[in-house]
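Quick note, the sequences are listed as chains A and B, same order.
Position 112 of the first sequence, counting from 1, maps to 116 under our numbering, and the rest follow consecutively.
Position 164 of the second sequence, counting from 1, maps to 381 under our numbering, and the rest follow consecutively.
For the record, the hints were derived by calculation from the structure and aren't laboratory data.
Among the hints, erroneous ones may be present.
To be clear about the criterion: a stretch of chain B counts as covered by chain A if any three or more of its residues have a C-beta under 8 Å from a C-beta of chain A, and this derived list gives those stretches [unchecked claim]: (1) 438-446; (2) 477-486.
Here are the computed distance ranges between Cβ atoms for each label pair [as the list claims (entries may be wrong)]: (3) B:Thr464 / A:Phe123: 17 to 27 Å; (4) A:Val10 / B:Arg409: 34 to 44 Å; (5) A:Gly125 / B:Leu366: 32 to 42 Å; (6) A:Leu21 / B:Asp396: 19 to 29 Å; (7) B:Ser407 / A:Gly166: 38 to 48 Å; (8) B:Gln395 / A:Ala249: 16 to 26 Å; (9) A:Thr58 / B:Gly279: 43 to 53 Å.
From the derived model, a few chain A residues whose C-beta atoms are all more than 10 Å from chain B [what the hints assert, rightly or not]: (10) Trp32; (11) Phe33; (12) Gly54; (13) Leu71; (14) Ala75; (15) Gly86; (16) Ile225; (17) Asn251.
In this text, a Cβ means the ideal position worked out from N, Cα and C, and glycines have one as well.
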Amino acid sequence: MIRTTVLTMARRVSLVLGLPAVLFAVWWFATAGSTDFYVPPLSTILQKFGEVWTGERLLSDVLPSLLRLTAGYLLAVVIGVGLGLVVGMSRVARDVLEPVLELFRAIPPPVLVPVIMLFAGIGDTMKVLVIVSGCMWPVLLNTVEGVRAVDEVLSDTCRSYGITGTSRLRHLVLRSASPQIVTGMRQALSIGIILMVISEMFAASNGLGFTIVQFQRSFAIPEMWSGVLLLGLLGFLLSLLFRFAENRVMAWYQGLRRAQRNT
Amino acid sequence: MTGPGSTPVLTKTVGASGADKGPGAPGGGRARRALEGAATPLRGLAGLAGLVILLQVLPHSGLVSADYLPPASEMGRALWGLLAEDAFWTALGDTLTGWGLGLAIAVVAGVMAGIVIGSVPVLRAVTASTIEFLRPIPSVALIPVAVLLYGTDLRSKLLLVVYAAFWQVLVQVLAGMQDVDPVADDTARSYRMGSWGRVRYVMWPTALPYVMTGVRLAATVALVLAITAELVIGSPGLGNQIAVAQTSGAVPRVYALVLVTGVLGVAVNLVARAVERRALHWHQSIRREG
Chain A
5 MIRTTVLTMA RRVSLVLGLP AVLFAVWWFA TAGSTDFYVP PLSTILQKFG EVWTGERLLS
65 DVLPSLLRLT AGYLLAVVIG VGLGLVVGMS RVARDVLEPV LELFRAIPPP VLVPVIMLFA
125 GIGDTMKVLV IVSGCMWPVL LNTVEGVRAV DEVLSDTCRS YGITGTSRLR HLVLRSASPQ
185 IVTGMRQALS IGIILMVISE MFAASNGLGF TIVQFQRSFA IPEMWSGVLL LGLLGFLLSL
245 LFRFAENRVM AWYQGLRRAQ RNT
Chain B
218 MTGPGSTPVL TKTVGASGAD KGPGAPGGGR ARRALEGAAT PLRGLAGLAG LVILLQVLPH
278 SGLVSADYLP PASEMGRALW GLLAEDAFWT ALGDTLTGWG LGLAIAVVAG VMAGIVIGSV
338 PVLRAVTAST IEFLRPIPSV ALIPVAVLLY GTDLRSKLLL VVYAAFWQVL VQVLAGMQDV
398 DPVADDTARS YRMGSWGRVR YVMWPTALPY VMTGVRLAAT VALVLAITAE LVIGSPGLGN
458 QIAVAQTSGA VPRVYALVLV TGVLGVAVNL VARAVERRAL HWHQSIRREG
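Excised from the complex, chain A in its bound form (with noise of 0.2 Å):
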């Protein structure tokens, strides 16, 4: 018993370094004598990102990045799924809302920095609102698609037992809309990431990708490949985490993938 969940156990972590271990070894020899100025091998890159990474920068450019991303993105879903339920809901306000919605959605946030600047300053409230304007639209998109595609038989049941209003809105339509509604939110989740370093690009005294085009003018290019390595981490760990958190709310809906499955 305990051999065969040892036996899975290493062969699930086989399968989730395996390729990565190959890729990083590749990486890494193929780099190794690397005498380019723009390649620097990657024991260079590594013995960087620990110099570089740890100690004060973490407090002073690493967090504050992480809270404007954290609250820009919670706001972005709340008013996202709200809009989106309303939206979705309602054929009238659909109507008259898309266009302007479509317009809002097409324009790609990152010229909205040198508005959002005029307004806001260069604070915290700018980059924030960034990722906001840019974070909403795939949690908005795909709430309404989802409240759209809401089974018609369940629709028609929860009507025919009087089922409305917020019972209606809780148990039919946001349960039906929540698959969607989480594909929306881990779109959501990289545009976020994207955002916060390129607002943070564009006028900032802190912050990751402040720091990543510091380095980037300064020519510091095994610092430079460090801090897009801790990115590309910080993006790994949090969508770990909202994997982690999917799978606790969405425990239902896999479940019944898998009932389906098992019949």
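Got chain A; can you put chain B on it based on the hints?
Structure of chain B alone, referenced to chain A:
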């Protein structure tokens, strides 16, 4: 809640029977549907008109300074000026070239990789962690790398566009392949459908809505990244025009250019939607629209 919720259902059932039975069906349903069909663009126009009026009134009311938010009329004048410039059209062409090439490469690569990885469970298990690691690397983090490798060349724009759009497509294709109805798949198996047949008739139709969502998102992200590359790196295009207008303090021109990028995005989205509608005319989310 009940009011707006129940009307479409009523219209839908009446309308559907009208469409099925043709002349024998009650005409009221069809007339009503035609009325609704005509009302949709009108309502949309009303929404847009409301936005323009709001933009015109806000700066005049003094709630927002006209230095930050010029009235709609001034933005319109700046836009009109843009349309007469050759430089503007060249910039638009540059942006579209980078976007189109990048998107095409990303979609083809993403769909092919997604089908291969999604249909082989082992591959999926082995690559999952790597995809999860590479996907969230923001392509803007590659900006320094792109600058070092290609300068302000088209290739540096393409690098960012392809990197960003590829994952959008791939992740959606993989999600779609995972959403395959187990019963349908088992049925296909028990009918001894080969693996190509299962991909073609079971997995592809299930994944298609996801693929279309992926392509639509990728089209948007590709445009975002093309314009971002121009804005930050300075390769020629609309983004570069915005940067120039911003540094010279031409606020109405900035808004006009932002509006152009928005309209460009809408156009991209409309085309993607039309393609989606065509490809998914059988799917519930499209069908129930009537």
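Against the structure, the hints come out as follows:
Counting residues of the stretch 438-446 of chain B whose CB lies closer than 8 Å to any CB of chain A gives 5, so the stated coverage by that chain holds, three being the minimum. Coverage of the stretch 477-486 of chain B by chain A holds. Counting CB-CB distances below 8 Å, 8 residues qualify, and the rule asks for three or more. One distance hint, 17 to 27 Å for the beta-carbon pair threonine 464 of chain B and phenylalanine 123 of chain A, holds here, with the actual separation near 18 Å. Under the hint 34 to 44 Å, the C-beta atoms of valine 10 of chain A and arginine 409 of chain B, about 38 Å apart, fit the expected range.
The supplied range of 32 to 42 Å is met by glycine 125 of chain A and leucine 366 of chain B, whose beta-carbon atoms lie about 34 Å from each other. Judged by the Cβ atoms, the range 19 to 29 Å given for leucine 21 of chain A and aspartate 396 of chain B holds: they are separated by roughly 27 Å. For serine 407 of chain B paired with glycine 166 of chain A, a C-beta distance near 42 Å keeps the hint of 38 to 48 Å intact. Our hint of 16 to 26 Å for glutamine 395 of chain B and alanine 249 of chain A holds, since their Cβ atoms are close to 19 Å apart.
Checked against the given bound of 43 to 53 Å, the beta carbons of threonine 58 of chain A and glycine 279 of chain B, roughly 51 Å apart, stay inside it. For tryptophan 32 of chain A, the non-interface assignment is confirmed: its Cβ lies about 16 Å from the closest Cβ of chain B, beyond the 10 Å cut-off. The beta carbon of phenylalanine 33 of chain A sits about 18 Å from the closest Cβ of chain B, which is more than 10 Å, so the claim that it is off the interface holds. Distance check for glycine 54 of chain A against chain B: the nearest CB is about 19 Å away, which clears 10 Å, and the non-interface claim stands.
The beta carbon of leucine 71 of chain A is kept farther than 10 Å from every beta carbon of chain B, the shortest such distance being approximately 17 Å. The claim that alanine 75 of chain A lies off the interface holds: its Cβ sits roughly 18 Å from the closest Cβ of chain B, which is beyond the 10 Å cut-off. Residue placement check: glycine 86 of chain A keeps its beta carbon more than 10 Å from all beta carbons of chain B (closest about 15 Å). With a least CB separation of 8 Å from chain B, isoleucine 225 of chain A falls inside the 10 Å interface cut-off, contrary to its annotation.
Every CB of chain B is more than 10 Å from the CB of asparagine 251 of chain A (nearest about 14 Å), matching its label as outside the interface.
Hint compliance for this structure: hint 16 alone is broken.
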